[in-house]
Amino acid sequence: MGKHKDKADEQDLDNSQVIEGEQGEVSYEDKVKCVSIIAQPMASKKVAGRLYKLIKKSSTHKTYLEASVKGVQKWLRKGMKGIVVFAGNVSPIEVMCHLPALCEDNQVPYIYTPSREDLGAAMGVTRGVLCVFVREHEDYKELYNKALDDIKKVPKMY
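Mapping to UniProt numbering: the sequence shown position 43 is 43, numbers consecutive.
If you are wondering where the hints come from, they were derived from the structure by calculation, not from laboratory data.
The reader is advised that the hints may include incorrect statements.
Simulated restraints on C-beta separations [claimed, not checked]:
{"hint": "1", "residue 1": "149", "residue 2": "91", "range": "30 to 36 angstroms"}
{"hint": "2", "residue 1": "29", "residue 2": "68", "range": "14 to 20 angstroms"}
{"hint": "3", "residue 1": "27", "residue 2": "79", "range": "27 to 33 angstroms"}
{"hint": "4", "residue 1": "106", "residue 2": "154", "range": "15 to 21 angstroms"}
{"hint": "5", "residue 1": "104", "residue 2": "71", "range": "17 to 23 angstroms"}
Okay, derived cross-link-like pairs now, DSS-like style, lysine-lysine, Cα gap no bigger than 30 angstroms in a straight line [unchecked claim]:
{"hint": "6", "residue 1": "146", "residue 2": "78"}
{"hint": "7", "residue 1": "74", "residue 2": "53"}
{"hint": "8", "residue 1": "57", "residue 2": "81"}
{"hint": "9", "residue 1": "57", "residue 2": "33"}
Remember, predicted model here, so these are calculated numbers, not experimental data.
Ideal Cβ positions, reconstructed from N, Cα and C, are used throughout, including at glycine.
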């Protein structure tokens, strides 16, 4: 009886691998098509990759990364300096539409990326993340400065 069950599990595993292969990865351009109307300035594919790498490195330093709307708002209110990365495909957008104005009031640079799932994956969590606040740290200072320069080069649309 046990052998039959093992074979069934192997067949289920094989079927799941086929299904995952059929789904494929969504391209960057398709992700950009699904963003909300207020998602400006949008990071290019290269800048988004650099931001995801920065988020991944900063996730090892827990006091230098905040990944919730409430936490980002608190850090902005306290006057902390850093970079804010927003997800562009947030629904409903009213959840976090006030945060870009807070960033502008506090002179904190911000940018949108197309997918909240990619932000979560960069942090190493399985859930999507709406926004991330990254503070500068010595371990990733060079990458932080490159990302900051990239954000400042992106034209604002307002």
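Can you let me know if the beta-carbon spacing of residue 104 and residue 71 is within 17 to 23 angstroms?
-> Roughly 19 angstroms apart at Cβ, these two residues keep to the hinted range, so it holds.
Evaluate the given range 30 to 36 angstroms for the C-beta pair formed by residue 149 and residue 91.
-> 31 angstroms, holds
Is the gap between the beta carbons of residue 29 and residue 68 within 14 to 20 angstroms?
-> With a Cβ separation near 29 angstroms, residue 29 and residue 68 fall outside 14 to 20 angstroms, so the hint is violated.
Given pair status - residue 33, residue 57, alpha carbons within 30 angstroms = Measuring from Cα to Cα gives roughly 28 angstroms; hence the hint holds.
Do the Cβ positions of residue 106 and residue 154 conform to the proposed distance bound of 15 to 21 angstroms?
-> Once the Cβ atoms are compared, 19 angstroms apart, the range 15 to 21 angstroms for residue 154 and residue 106 holds.
Taken at face value, is the distance from the CA of residue 78 to the CA of residue 146 at most 30 angstroms?
-> Judged against 30 angstroms, a Cα distance of about 25 angstroms means the pair holds.
Is residue 74 close enough to residue 53, meaning Cα to Cα at most 30 angstroms?
-> The given pair, whose Cα atoms are some 24 angstroms apart, holds under the 30 angstroms limit.
Given the hint of 27 to 33 angstroms, check if residue 27 and residue 79 actually sit that far apart at their C-beta atoms.
-> Since residue 27 and residue 79 have Cβ atoms about 39 angstroms apart, the given range 27 to 33 angstroms is violated.
Pair hint outcome, residue 57 versus residue 81 [Cα-Cα no greater than 30 angstroms] | Since the Cα atoms of residue 57 and residue 81 sit roughly 18 angstroms apart, the hinted pair holds (cutoff 30 angstroms).
Going through the hint list in order, the structure does not satisfy hints 2, 3.
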